[in-house]
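Student: Each chain is listed here by its residues.
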Amino acid sequence: MRALVIGCGRVGSNVAIRLADEGWEVTAVDEKEEALTRLGENWRGGFVLGHGMDVDVLREAGIEDADAVVVATDGDNTNIVIAQVAMKRFDNQCVVVRILDPARADFYSELGLRTISPTKTAIHDLLEAARACEIKPREAIPN
Amino acid sequence: MYILIAGGGKIGANLARSLLRDGHGHEVTLIEQRRDRYEHLEHEFEHQVQLGDATEIHVLERAGIARPPDVVVAVTGDDEDNIVICQMAREKYGVSKVVARVNDPRNQTHFDLLGISATVSATVSIMALIEHEVPEHDLIHLLELRKENLEIVEVQIDKNAPAAGKRVEKLKLPHGSRLISITRDGRSEIAIGSTELQPGDQVLAILQPGKEDELRRVLLKS
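Just so you know, the protein sequences line up as chains A and B, in that order. Just so we're aligned, residue 1 is where the first sequence starts under my numbering, counting upward by one. Just so we're aligned, residue 144 is where the second sequence starts under my numbering, counting upward by one.
Just so you know, these hints were derived from the structure itself, not from any lab. Some clues are possibly wrong.
[As the list claims (entries may be wrong)] Which bits of chain A does chain B cover? Going by a derived footprint, with three or more residues having C-beta under 8 Å, they are:
# : stretch
1 : 50-56
2 : 66-78
3 : 82-90
4 : 100-109
All of these numbers come straight from a predicted model, not from anything done at the bench. In this text, a Cβ means the ideal position worked out from N, Cα and C, and glycines have one as well.
With the hints as extra help, turn the sequences into a complete structure.
Tutor: Pasting the structure below:
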């Protein structure tokens, strides 16, 4: 199975490495060459230097044959556009996209994108963690 | 009309200025993200400019996107932002008219793909003007009417062109094309059946995209 990971920062590089470990054939795309170092010395997958908005870069990275596309650059709007290009232009059935802003994530999931909002996840987890605290009764305030 | 402009750079600010000029009676809200620019604009536009990222829903709502505006104009320096602003305005708030600036002509296909059809690109417009000024030119695109799926092109009739010396009604123009006008020695007239084409004429034609080669063959290739 082939996966394309667009945006190879902290999130993208880890997704790429984990997928590769699970046996996927992975190509990562990033506009910065340093991003390749995040993939580690043992990286056996592909790496294409370029911007994900550039369809030539997407083609070179193999978007036409990809079974899954993960869009995780550091720009919400960049991710939104790339994800729609992958779905509508290249007819990719499995596109997952990171959108930090919860409001935009909700809107675009209504439009049919598979959105993941780390901000929403963080809000949820922090809330759960706060609720789970064991709260000792406070000492009565003396009069 | 109520017009919401996202992006307070040269284009956005000048648009707001033109729209607010006496007599038009338009209501305008300008959204600018950069604080330094915003403060500068605030001197001139006062409450009509707002600070914020126009791709954030709460910023758009504060600017009155839910009314909704008659037109939303996305002219930031970032194509992704312009696309997202237009999509949210249209799909979420039912804005019927959106206009977007294309900064990088290579992104034009993304705007087209996502159905944002009223787009303006300075690079493309300037290129067309340059081509228009080049004395020897083949066929140049002057205007694309995306929604109508038509385009207007200009061709110059060469003395060896097969169309030179022929009347318009004698030309075997491709289906889906029509000549509009002939410009000769700086004077233009509407092209009718009896109009005779002469070498040096500048001809405007309207046609469906993809018919350029057929039109070239009829008018230009000898």
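Student: All the hints need checking, so say for each whether the structure fits it.
Tutor: Going down the list of hints, with the structure as the test:
1. 50-56: holds (count 3)
2. 66-78: holds (count 4)
3. 82-90: holds (count 4)
4. 100-109: holds (count 4)
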